[in-house]
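Protein sequences appear in the order of chains A and B. Per full-length UniProt numbering: the first sequence = residues 1 to 470. Per full-length UniProt numbering: the second sequence = residues 1 to 240.
Since the hints were made in silico from the structure, they are not lab data. Hints are not guaranteed to be accurate.
Stated by the list, open to error - Every beta carbon over 12 Å from chain A, so not counted as near; a handful from chain B, in silico: (1) ARG10; (2) GLY40; (3) SER50; (4) GLY54; (5) ARG57; (6) SER69; (7) SER95; (8) GLY135; (9) GLU227.
Said to hold, decoys possible - Quick list of simulated restraints, FRET-style, between CB atoms: (10) ASN41(B) to LEU191(A): 54 to 60 Å; (11) PRO30(B) to GLY451(A): 53 to 59 Å; (12) LEU219(A) to PRO169(B): 54 to 60 Å.
Glycine is no exception: its CB is placed at the ideal position from the N, C-alpha and C atoms.
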Amino acid sequence: MIAIVMRKELATTLRDGRLLVLGLSLFVLFAGFFLFSSYQLQAQRLEKQRVGATAKEQWNSQSVKNPHAAAHYGIYVFKPDLPSAAIDPGLTPFTGQSLWLEPHKRNLTRFNPSADDVLANRFGQASSSFVLYALLPLLIVALSFNSVSQERERGTLRMLHSLGVAPRALLFGKLLGLLTAFWLVMSPAVLLAALTLAGQFELAIDDLLRLSLLLAGLLAYYTVFAALSIGASAYFRTSRNTLFCLLGFWMGSVFVAPRLGAAIGDVLAPNPSASQFWDAIKTDIAQGLPGDGSKQQRETAFEAQVLAQYGVASKEQLPVGFVSLNRQYNDVYSSKVHQLHFDRLRANFATQQQLAHLAGWLGPSLALRSLSMAIAGTDLAHQRDFEDAAEEYRRYFIDLTEDWDRERSHGTERSAKGAETDWRSVRDFAYTVPTVGFSLKASLLPLAVLGAWLGAALWLLAHSARRLAP
Amino acid sequence: MTTTHILETRNLVVEYQQHRAIDQLNLAVPAGCVYALLGGNGAGKTTTISTFLGFNRPSSGQVLIGGRSLQDQPELVKSELAYLPENVALYDLLSGAENLRFFCALAGIELGREQTGRLLSDSGLQADAHDKRVGQYSKGMRQKVGLAIASAKHAKAMLLDEPTSGLDPSAANDFAQRIRAAADGGMAVLMATHDLFNAKQVADRIGIMKQGRLVEEFDAHSVQHDELESKYLAHARGLA
Ligand SMILES: Nc1ncnc2c1ncn2[C@@H]1O[C@H](COP(=O)(O)OP(=O)(O)OP(=O)(O)O)[C@@H](O)[C@H]1O
Ligand SMILES: [Mg+2]
């Protein structure tokens with residue numbers, strides 16, 4: 001029975017001019033945005049590769065100099081992009097893509113104390129993802145808000161009743177027919193995206209997995225809208241009421257929920273301002289974390305410990321360079337303080353993101369966006385993973401320069417030198433984006449919200465069958 | 001129990017909120033009989049038909065189809081009924097043939113191409129219209145698709161609500177003959193109509209309803225046309 005209704009629904013939806021006209025215009029819109037952003041992504045990837053290689057080469061070809069002076073020359077590293085970022089640029093426009101690695105301090109790709117603004121602003125942006133998350137659900141609503149009320153008004157519902165059609169079979173047949181027609185019309189867009197990505201990038205298995213997951217997420221998302229739309233059409237007596245109600249839901253889901261979610265996160269877990277953040281780090285380094293003593297006290301204690309360790313009376317008699325040793329000691333402490341504050345800030349961002357899902361009862365759009373950003377590798381979790389790898393690399397090459405500085409000097413002299421062979425021996429920053437499993441792990445909450453919406457929408461659809469009584 | 005009665009109501013009462021639309025109705029249509037239900041606007045004809053189809057729930061009394069209670073076996077019973085309202089509701093974006101196949105498939109009957117064509121032609125739809133979208137059909141053409149659905153279902157009974165209103169005289173006449181033929185093939189037909197001429201022409205029995213009650217019932221062959229008209233008007237004016 002469901003299959004019969006589905007076939008008929010598919011045929012009528014495809015013949016209905018609405019789908020072709022709206023579908024075609026959205027396709028053109030999507031294709032335009034997508035081609036532009038994938039072209040941009042491609043250019044950006046090449047640019048990052050080029051600048052990254054140049055920066056390392058400049059590092060490599062430094063003249064003979066003090067290793068620490070060389071460290072101050074610094075290295076630029078870039079966050080690599082996944083091909084799927086062409087579909088959902090996510091936070092990319094708001095988070096920095098490059099990181100300047102230098103001694104003594106840890107830089108932020110970009111410190112945005114109100115990343116929650118980002119969460120809100122990324123909606124309403126004209127991009128291919130806006131077509132996917134905001135406009136296509138609207139197309140579904142436009143196609144199906146009267147799918148039952150029209151049958152009621154035209155009398156075909158009575159014909160169906162007189163033939164003993166089970167209301168549930170009718171509604172679920174309609175759902176499947178609508179979704180099939182929708183995907184048939186959308187398949188050129190999917191094909192275009194797949195071909196463009198395959199042509200521009202070398203797609204790995206992981207990329208294919210990501211793209212299929214994105215498609216599956218979108219399928220679930222559109223199913224929510226389609227089921228609610230058909231359910232509402234069965235529930236309300238007139239098409240007008242159905243349309244009002246569905247438009248309200250769409251606006252709530254696409255526009256209100258993200259802003260409300262951001263506001264909730266902001267109120268319940270406020271972020272420090274940028275100056276507060278950096279000041280706290282400076283203070284903790286100067287005054288020390290509880291129990292550690294001030295910088296002065298720590299350095300005095302360290303000097304005594306080093307002298308005892310080498311069995312000498314003064315730093316001038318040390319067989320290794322004390323300047324480097326002391327600097328390294330301070331850097332380790334500084335790293336510890338930075339780590340503490342960065343972790344706290346990130347934990348707060350994470351809390352805000354989780355809290356934002358409190359607005360998820362307004363609609364599934366926020367959850368879908370979180371999920372798709374994670375899958376496209378353009379969310380905070382991926383940003384963090386990149387930053388951690390960069391920090392590890394920073395410590396690696398700074399430590400290396402300190403080793404040279406310390407071992408090629410002694411006492412308080414600053415005579416250590418390094419040459420090009422040393423600089424070249426610093427390995428390149430080789431970072432690979434984590435696999436899709438990482439994205440999924442980071443998206444458990446949005447997955448749960450989306451799943452809950454899917455379940456609720458199907459339940460409501462089954463429930464609205466009761467209102468189909470003739 | 002008289003099993004020859006395909007359509008039957010016993011002391012049927014149907015109410016809309018407070019309003020009693022059908023009041024103690026006793027009606028019986030045997031196989032092979034065309035029963036014309038006459039009555040002024042609001043007499044309860046459509047409500048009677050809707051109740052047979054399960055669109056309305058009786059407040060009391062019984063609705064029997066082929067001797068079986070509608071309330072007890074709604075699905076089984078629906079497979080034995082065909083319904084033709086004044087405007088046969090079809091899907092405008094599908095062709096006549098596709099509509100027929102769809103509605104029959106819902107009734108559990110898979111029709112092949114040839115069979116579909118034959119059913120439509122037998123119902124009087126010209127062959128070149130079979131694959132045209134129903135949106136372009138006239139009222140009479142839609143009715144023919146409705147008839148084709150009824151005959152494909154091998155329904156035991158047909159429920160018609162003002163089937164000839166809006167049809168031109170020759171189409172109405174053609175339709176009447178098809179109804180007659182269906183009844184002669186053993187179908188029980190209940191037809192609500194305002195068309196006295198049509199009623200006299202095809203019906204075997206005629207019932208006149210007023211305020212939800214069957215106020216008079218007689219053999220169609222036993223009255224002349226003018227006699228029927230005066231009976232009808234007498235009830236309408238409250239003289240009878
Ligand atoms: N859905 C409804 N809700 C409330 N009252 C209704 C409804 N449908 C019909 N009625 C009332 O029930 C009574 C019988 O109506 P019904 O439609 O059965 O009459 P009818 O004989 O078919 O009239 P007509 O010749 O105008 O088609 C009328 O008084 C009408 O107002
Ligand atoms: Mg009526």
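Ascending list of hint numbers which this structure does not respect: Going through the list in order, the structure violates hints 3, 4, 5, 7 and 8 and respects the others.
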